Amino acid sequence: MIKVSGLSKGFSRQKVLADVSFEAHDGRRVFILGKSGSGKTVFLKCILGLLVPDSGKVLIDGDDVTRLMAKPRFKKELTRVRQRIGYVFQGSALLDSLSVADNIALALDGKGLAWEERNRIIDEKIALVGLDREVRRKYPAQLSGGMKKLVAIARAIAAGPAYIFYDEPTTALDPAVATRITKLIIELSERLEVTSLIVTHDMGLARRAGQDVYFLKDYTLSRPRRTTRLEGLYE
Amino acid sequence: MGYVLRRPKLILDQVYHLGLLSLPVVSFTAVFIGMVVALMVSYQLEAGLPKFYVGATGGRTILIELAPVIISLLIVARVGSNITARIGTMKVTEQIDALETMGINSVHYLALPVIIAGVIVVPALVIYGNLISLVAAAVSAKVILNIPIADYVFGLRRYVILNDVLGGLLKTLLFGLTMGSVSSYYGFETGVGAEGVGRSVTYSVVTAAALIMVIDFSVAFWVFR
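If you read the sequences in order, they're chains A and B.
Here the first sequence is numbered in my numbering, starting from 1 and rising by one per residue.
Here the second sequence is numbered in my numbering, starting from 1001 and rising by one per residue.
Read the hints as simulated data drawn from the structure, not as lab findings.
Where hints are given, some of them may not hold.
[As the list claims (entries may be wrong)] Only pairs whose alpha carbons sit at most 30 angstroms apart, straight line, appear in this in silico DSSO-like list of lysine-lysine: (1) A:Lys111 x B:Lys1009; (2) B:Lys1009 x A:Lys76; (3) A:Lys15 x A:Lys75.
For clarity, every value in this text was computed on a predicted model and none was experimentally measured.
Work out the full structure: start from the sequences and follow the hints.
See the structure below:
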């Protein structure tokens, strides 16, 4: 379970998040809707400890991420917490210099897996997201935007995380790929029994795949809404 | 450090990019360093001085100062800028965040291999450049100035001492360390967007070049005074 309480974050004099509290229960698909620039990505990065919040507390399965971030000596513990989370970045964030297989293998780094086991997991995850096996030798520059996103999802699930964070998973994708990714988000959440935290401005995606939906506006989150009651949120 | 040492491929990749791919430009530059030194030393020698002084003075100038400094500056321009741009672009496109979320220390993964490779590669390239420059100086002394190669080699062997070679190499170790550290640091400090990457590259090259000059003076002060 992820529990956020009283989280605030700003950059210089620009307030981004103010006193945000939030809970994501195990196994749920939790959506955070918001306009571009409303602070959705900042919120995700604060949960992961990639950004240091100005105040507030983030607990992941009881581990206090904000405390672990505070001192370098907790780096290993923070790493262990992060390894329970797969993150699908908005721009996919695949390492340009590595092949698809090596990008996915990065998530398995340090697990001491044998070469065959490593390759088996890579093939399994590539198949799970619906890509051909041939893609494993390609480099990110040789892939379309949709394929990059699917590889990013394969990388996020490679290490068997308990949580998957998606940052604008359907942005800048054609409708067919967006639909495919929407189905994949639902399928992965059910098949792998992971908790999914999705930040997006795509209300259609939230309506189709969401279970708990929050709206980020005026630096804070609304109460959770049902997916049938999302009309007028952006007005 | 243990992380990198358990993954030697990370260092070998950098050795290849920093070292082997720099060989053509280092060779080209070293040839001209040698030729210019032979001409300039000959020009400055007063008439009547023995010709082996071209080997003695030219050789020492190449080994102590010109080859280490010019080749290192060249590597900073060619490789240091590339490292900063690569790490900076990775930061801007969230690739560094991706590493951190997977539990990989981005400094260990990206910066340490570059720093270790810098310490290995810069001295190696300078040793290689030294040899090319000395040969180029001998050939140009013979062809342009009509100084016998035997005289040139005599001057070199008679007056160049081990301290000259070691002092020059000590500089290059420090230059390699500086190039790797500074270029990585500015890569990680990159701000937002393409403009941020460009600014980081400029700061990286200027800072590394300036530090090379300071180190050059410091080593000269302590070793060659």
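message: Between the alpha carbons of Lys111 (chain A) and Lys1009 (chain B), is the straight-line distance 30 angstroms or under?
response: At roughly 18 angstroms apart (the allowed maximum being 30 angstroms), Lys1009 (chain B) and Lys111 (chain A) satisfy the hint.
- request: For the pair we were handed, Lys1009 (chain B) and Lys76 (chain A), check the Cα-Cα distance against 30 angstroms.
  value: With a Cα-Cα distance of about 24 angstroms, the restraint between Lys1009 (chain B) and Lys76 (chain A) holds, given a limit of 30 angstroms.
- prompt: If you draw a straight line from the CA of Lys15 (chain A) to the CA of Lys75 (chain A), is it 30 angstroms or shorter?
  reply: 28 angstroms, holds
Violation of the numbered hints given earlier is absent; every hint is satisfied by the structure.
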